[in-house]
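Sequence lines, in order, name chains C and Y.
Quick note on numbering: our numbering labels position 38 of the first sequence as 38, and the sequence is numbered without any gaps.
Quick note on numbering: our numbering labels position 21 of the second sequence as 21, and the sequence is numbered without any gaps.
It should be emphasised that the hints constitute simulated quantities derived from the structure, not laboratory data.
Check the hints yourself; a few may be wrong.
Stated by the list, open to error - Distance condition first, Cα-Cα at most 27 Å in a straight line; then the derived BS3-like pairs of lysine-lysine: (1) K44(C) with K69(C); (2) K24(C) with K15(Y); (3) K77(C) with K15(Y).
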Amino acid sequence: MLKVIAACGSGMGSSQIIKMKLEKVFKKLGIEASIYHTNVGDAKSQAANYDVVVCSESLIGTFTNASAKGITVIGLKNLLSEKEIEEKVTENIVNKQ
Amino acid sequence: MFQKLIETRRYSFHKGFATWEEAVRAACQPLLADKTIEPEYPDAIIGKVKELGPYIVIAPNICIPHAQEGVGVNDTAICFMKTEEPVHFSDDPDYDAKLFFVLASADNTIHLENLCELSELLSDEEIVEKLLAAKSVEDLKELP
Chain C
1 MLKVIAACGS GMGSSQIIKM KLEKVFKKLG IEASIYHTNV GDAKSQAANY
51 DVVVCSESLI GTFTNASAKG ITVIGLKNLL SEKEIEEKVT ENIVNKQ
Chain Y
1 MFQKLIETRR YSFHKGFATW EEAVRAACQP LLADKTIEPE YPDAIIGKVK
51 ELGPYIVIAP NICIPHAQEG VGVNDTAICF MKTEEPVHFS DDPDYDAKLF
101 FVLASADNTI HLENLCELSE LLSDEEIVEK LLAAKSVEDL KELP
C-alpha cells in the first residue's frame, strides 16, 4: 500500500482536490494507496512517514528536504488535469517500482 | 451550482485589477456583504499567498482563494468572480487567473460536497470555456 500525502497552503482546498483526482488516477492505474491531505507545514513535518508527496508546483520548494531523503515529490501545474496527474504518477511511481 | 450562486448573489464581474490582492478582496466582497465571512478572512488568504506563493491558482485561469477553517468564517459557501483581464499572481503567466472561486468552510462535510462539485465542473473544458466567455450574470444562467 502506497502512502501518499497531498499538500496545499491551508489543507482545505487544493489538497482535497488533489486527493480526489489522485484517487481517480490510482483507481485507473490499479495502484493501491492511502491518501492523507493536509497543509504544507504539517506535510513537511510528516513527510518522512510517507512514500509520496503531491502538491502544487508552486509549493515544491517546501519539500526539498523530503526529496533529499528519497521521498518522491510530485509538483502539479494543473490540479484539475487527470492527464497531467496520470503522466506524472506513471513517470514517478509506476516506472520506478 | 451556478443557479445557487445567482440566487444567493454570490458572484461579481470586473474588468481587471492592478494587483492580485485587490482581486482577492473584490472576489470576497459578496461574502463579506452577507456576513458569511469577516474581514480577517481575505487578510488570511492574502497572508498565506504572500508566505507560500500562488498555490491558490489551481489550473490555467482558475483560482480558488481560501484559507484555513475557523479564521473569520461564519458559514460554508462558494463565491464566484470573473475578470475580463487576467490577474497576475506572479511574473509567470501560468499563474494568471480570470475565474475566481472563493471557498469558505465552517462545515467540513458541506465544504467537501461543494469542492467535489466544483472540481467536477471545472474539469469540464466546455464549462470553463463558457465561464471564460461569460460577461454578465445572464451568461451564468445557462450553466449547471
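Okay, the hints, checked on the actual structure:
no.: 1; hint: K44(C) with K69(C); verdict: holds, 12 Å
no.: 2; hint: K24(C) with K15(Y); verdict: violated, 37 Å
no.: 3; hint: K77(C) with K15(Y); verdict: holds, 26 Å
The structure fails to meet hint 2 from the earlier list, while all remaining hints are met.
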